[in-house]
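Q: Keeping their order, the protein sequence lines are chains Y and B.
Going left to right, the first sequence walks through residues 3 to 309 as the numbering used here numbers them.
Going left to right, the second sequence walks through residues 29 to 491 as the numbering used here numbers them.
Heads up, some of the hints might be wrong.
[As the list claims (entries may be wrong)] The calculated lysine-lysine pairs, modelled on DSSO-like cross-linking and capped at a C-alpha distance of 30 Å, are:
1) B/131 <-> Y/251
2) B/41 <-> B/131
3) Y/50 <-> Y/96
4) B/445 <-> B/485
5) B/485 <-> B/469
6) Y/244 <-> B/445
7) B/445 <-> B/469
8) B/409 <-> B/469
9) B/485 <-> B/409
10) B/445 <-> B/409
11) B/445 <-> Y/251
12) Y/244 <-> B/131
13) Y/247 <-> B/409
14) B/445 <-> B/489
15) B/469 <-> B/131
16) Y/247 <-> B/445
[To be verified] Derived coverage of chain Y by chain B (criterion: at least 3 residues anywhere in the stretch with Cβ under 8 Å from a Cβ of chain B; other residues may be distant):
17) 13–20
18) 34–44
19) 76–82
20) 110–122
21) 131–141
Simulated from the structure, these hints should not be mistaken for lab results.
The structure displayed is predicted, hence computed values, not measured ones.
C-beta: ideal position from N, C-alpha, C; glycine also.
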Amino acid sequence: MESTAQSVVGVPPEVQAVAAELYALCGAAEFGMSREELAHILAQVAQKYLEPGSPLPAPEFCRSLKLPELVLARACAAGNERAWEVFMSRYREKLYEVGLQITREDSAARDLSDSLYAELYGTTTRDGVRVSKLNFYTGRGSLEGWLRTVMAQEHVNRYRRQKRNLSLDEETEEGTQFAAPETEPANPLDPRLEAATDEAFTVLPAEDQFILAAYYLDDRTLVEIAHMLSVHESTISRKLDKLAKALRKQILAGLGRRGMSRRQAEEAMEADVRDFTLNLRDRLAQESPGKTFHKKKVGAPAGDGNG
Amino acid sequence: MEEVPKSVPLRLKAMASGDHPDPDLLAALAEQALPERERVPVLLHLSRCADCREVLALAIPPAAATASPSLDTGRRSWFQWRVLRWAAAGACVVIVGSAVLIKRNTMMTAHEETPRTETAASVQNRSDSLAYTIPDESAPSAKAIPEQKAVNGMEAVERGVADKANQVKTLKKETPVLSASPASPPRLSAKVTEPMAGARVAAGVGGGASAGLAYHLEGRFASAPAPKPAPAEAAWQRREKELSQARDTTDLTVVEAPRQPAGSQQATVSPQNNAVIEVQAASPTVKSEETPAVEAGEKHETPGKAKVPSNIPTLNATEQAADEGSGAYMYSLKKTEVTKAAREREAAYSPVSRWTISSDGQLQHSTDSGRTWQPVSVAEKASFRALSANGPDIWVGGAAGLLYHSADSGDHWTQVKPATNGSNLTADIAAIEFTDTRQGKITTANGEIWLTRDGGKSWSKQP
């Protein structure tokens, strides 16, 4: 089986041991993968995610991976026919179902799933080597979850590309062709308020910040946010309530430390948002579709979402 | 829900998002497969990056929402429905099993012969609030009644004995307890209620035995005082002796009403020797199958067999046993004369004749103790849910105040429309109780109570 993965200089002995230990369990032999190849794959994944000096030992990390699915994906990426048979039987229809759930439209779902399937199969080659997106699956989550995420990413990318490519007629319909230029707002956000708010965020857990962003920026419902975090809706409701109170208190304290009286602080917090400086275009450009969806690039496969 | 300060969403939007996590990490986050040290930076990025939030929202399968676990695992309560439903099921099983056991014991003891015996010690062992009578353990025969020990009510009786109240507590359980010992003269344990409720004595006696009432009352009380001398016991004992002198056998007969819903039937215990003790059979435990029907005038040797001898001076004696120290142990026997009407009623009130209402509201009559049933046509398309039968006097009630009466065992029916002060009975009739042919009570589904004292000619509505 030809490997498209970047060669790893030396495989740590503990990873080799884990590969030997798990070789029989992960079904690698069925797809013509040798122990050495499995060890290489595990070392590659461990190198990608484990920082030097990480508290998590590599063997334990390797054992936490979804090895059977990782082996299947890598075997498919290598062109193993048996692996493709298994992949097709398990995931071909699921790709379409996921596409339908994402796009909510039959034709768009078929188009999306077929497009992804082609990328997974590796219709392009680089330096004579077949390039498959399945090479980037690392087994951290399930293969199905990975396929869902990749498909969702592709859908978001397509949507943004489509938005930028709006025709003149469509712009007219949407009312954006003759949109008034943005004017400078009258009252910029008080820098003390900015600082106090940023200071409050530093002590806020990441999950709480995510909940705030999803609720106030994306206008997501409590159910949707709970869905994303795999918790109950009431948990999100309680957290939001507590967060609102805690943030008010902390920002008030922060403004007080910055010389504002309580009354001034409360007035500043309640000021109309429309009066604040806000350049949405710049900020959205900063958060435009990522140039890469990989924390670390491994090769440069075509078909990645490009902004 | 309180809103955050308006600067919060602005600053969130303005913050830099950093590198996007790869799909593997997003998928692992959605599947709760990321360790905390990796989860935090991904969530931090997500709080800054609208695109990645959108991808995550799209990537999570819909099924994950219904199966998502709660993070509040530490606050799992025992009072969740999942736990409570199993507890409720277990409680139902225990209750049903207990009821079946009690019923079995009752039926078993009802079949055994219980010759009339008297035990002075048992009479002396009185205490207040007797709920059940229990054979005195000091008496030889008491030890040979293991089945009594199994009766669930025993423990309740002992607790009641220890109470030292001065009133008889109304029994909660309606099941009459019949005790018998294979190794000793069987005895009857009779449970009694307050006098105003009428004597409730379920008695079944078999076999020829010594004179006197076929049953005797015994008691064993945890905190019973030392046996008291005669004055309290003498009254009823004297009466028993009087009766026993007039009798040849100790048969008590049970003239049992057909099996009916609770509260709507009566049974009459008629000692062969002319003692009639009115019994209100409030539970189906006094059943015809176990206490076979008895024709009037027949003598039977097994408990519960009905017999209506003629010219029987009925014995109804009411007295309250006095107990100086530990409260009362009450029963009531009321002495009345059997009138001709009562004899006719009892003759017609044969245990072979039974009435019931089927599940679809059809009135049914059996003349062979319930072996076969015949539908009784009362009115066209009439459906009933309440029934009272006193010999030939039958009352049936249904929805919307539908009420019919027959005085000739169902041969002819008359519709009755209770009304009082311009108000008619229009509610659904839930229960009918007639203590005799004249005095009756109708209870409706909405809680109304209608009373009559003249056999339905006039009615009053209880406020």
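Q: If you test the structure against every hint from before, which numbers come out violated?
A: 1, 2, 6, 11, 12, 13, 16, 17, 18, 19, 20
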